[in-house]
Amino acid sequence: MGQVISLPFKLASTTLTFYRGFFHYLLGQGRNSPYLPPSHPDSTVPAYLRPPATANTAAEKAAGDSCISSSSWTVPSFTKTPLFYQHTRLHLYSLASAFYLYHKPHYRKGSYKEDIVDNFANVAIPGTGLPLSLFVWNRPLAFGLVCTASPIVSAVAALHLWIKTRGKSSISEEYAIRLLAPDDWFSYWRLNCRIAGMHALLNDIPKGYDMENKWTFLEEGNKIGVPVSPYLNTPAIVVKHRNEEGGLGIYFYKNATDGGDWIIQERILNGDWVNKHLPSNAPLSTFRVITQSRGAIDVTKECKVEDVTALSCVFRAGRRNAPTDHDSILFDVDVKTGEVLGGTTNAHWYRLGLHECLPGRCPWRSSDHDVTHHPDGDIPVSGSVVPDIREMLHLVETSHQKLCPDVPLVGWDVVLSADEKLPVCLLEVNLSCNFFRGSFDRKVYLDFLEDMAVKMQGMRLVADKEGKKFK
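Residues in the sequence shown are numbered consecutively from 992, following this note's numbering.
Simulated from the structure, these hints should not be mistaken for lab results.
The structure presented is a predicted model; accordingly, all values stated were derived computationally and were not measured.
Yeah, the Cβ is synthetic: ideal placement off N, Cα and C, and Gly gets one too.
Honestly, I wouldn't trust all of these hints.
[Said to hold, decoys possible] For lysine to any residue, the following SDA-like pairs were computed, each having C-alpha atoms within a straight-line distance of at most 25 Å: (1) Lys1460 x Thr1225; (2) Lys1462 x Gly1449; (3) Lys1071 x Asn1129; (4) Lys1159 x His1360; (5) Lys1460 x Asp1438; (6) Lys1462 x Arg1130; (7) Lys1292 x Val1435; (8) Lys1459 x Lys1071; (9) Lys1100 x Thr1225; (10) Lys1446 x Thr1035; (11) Lys1071 x Ser1141; (12) Lys1245 x Thr1225; (13) Lys1327 x Gly1262.
[Said to hold, decoys possible] Label pairs and their computed distance ranges (CB to CB): (14) Asp1195 x Lys1159: 48 to 54 Å; (15) Pro1371 x Val1453: 43 to 49 Å; (16) Ala1454 x Ser1034: 20 to 26 Å; (17) Pro1025 x Tyr1242: 52 to 58 Å; (18) Asp1438 x Gly1216: 30 to 36 Å.
Could you put together the complete structure from these sequences and hints?
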């Protein structure tokens, strides 16, 4: 009974912390002072964003030592750990920074606004069917989304988990996790995007961000010996329909090698290891590996290979008859052993249309990595071991250091192909990347982002003082 009575007060306290922390970094002292961790003597972090003294108890220390990247609700007393508060500060700081970035130049678009509108065009909060792009067309709309949808969605998520687990989860704990330190794929993706946007802006878009352009990536990779996917050097191709006449059904494509807009390549086929885990007529299925570069913290310094770390790896097992592996089962891969772990999906975030609001249409959550077999053919996947995982991770780490050491986080699409001359190659890179629900050491990741925030906030304060105009 006591827990029921105290629940509204706990939810209200968490909601107040969210608003206070958000405005602290948006308009308050956090906006106009250095970003320093609580351990620093000059830190201005308010008390409600610092871990409580009780976090030093044995049980909470054990929780704090757990660095899982998702399903935080399974960790006892997680919301009292230093890791939770570190994540909360970074989440709220970067969320507030999005409004600073809103009309400023973006490394791949005219502004951050343009980039977020494009990226949200096919994404919806599960069960709503409404593309999130509708709510970020201007600052007031985006502000309303943050201030209203965040608490509401977090509350629904907490209640849903409590019902799904039959009361095993804590509504107040899950609400705090969803609202203050969210560990779902979407929130990590947006956190990475905001960090990339801020970093590129304040560093005058370092050269490494050019790798977002698929042709530049292939061209530069070839020059320095990085095994990128092969392309044809022919100036152009002509594609004809076999039965059309009268000038119909004919298309001309000018190759990027000759100044055109199209990268012309032969189709790459899956290698044997990949094929045996896929159904017939599956698409090219890649591995998404995320790397972080400490060389990006200070772009004026030389970056060494040791400064780059592979955080996660996911095998995207494409579905039958799908054109690409964007429609796939996401199997987590242990980066230490190469063992394929459980699979899941995030497809429910891409279901648009008002009919998705109907009961039973769109799941609120997907499975928590409990898929062991590919559903198209009941093919066993979990338990297999990716061949030469260490070589794959070393390839992306060295490629990050060679091609874009001045970019904080990079998502690599790695191919294990059927080509004996090029058995492993890099398809492309994503610099505003998401983990595709892969697991990673959250402490390593958050420590890196904290160091990034310290540096970037210092640069932003200098830019404010100098009245810098970004172009």
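Inset, instruction - Enumerate the violated hints, using their earlier numbering and listing them in ascending order. - result: Of the numbered hints given earlier, those the structure breaks are 1, 3, 5, 8, 9 and 15, listed in rising order.
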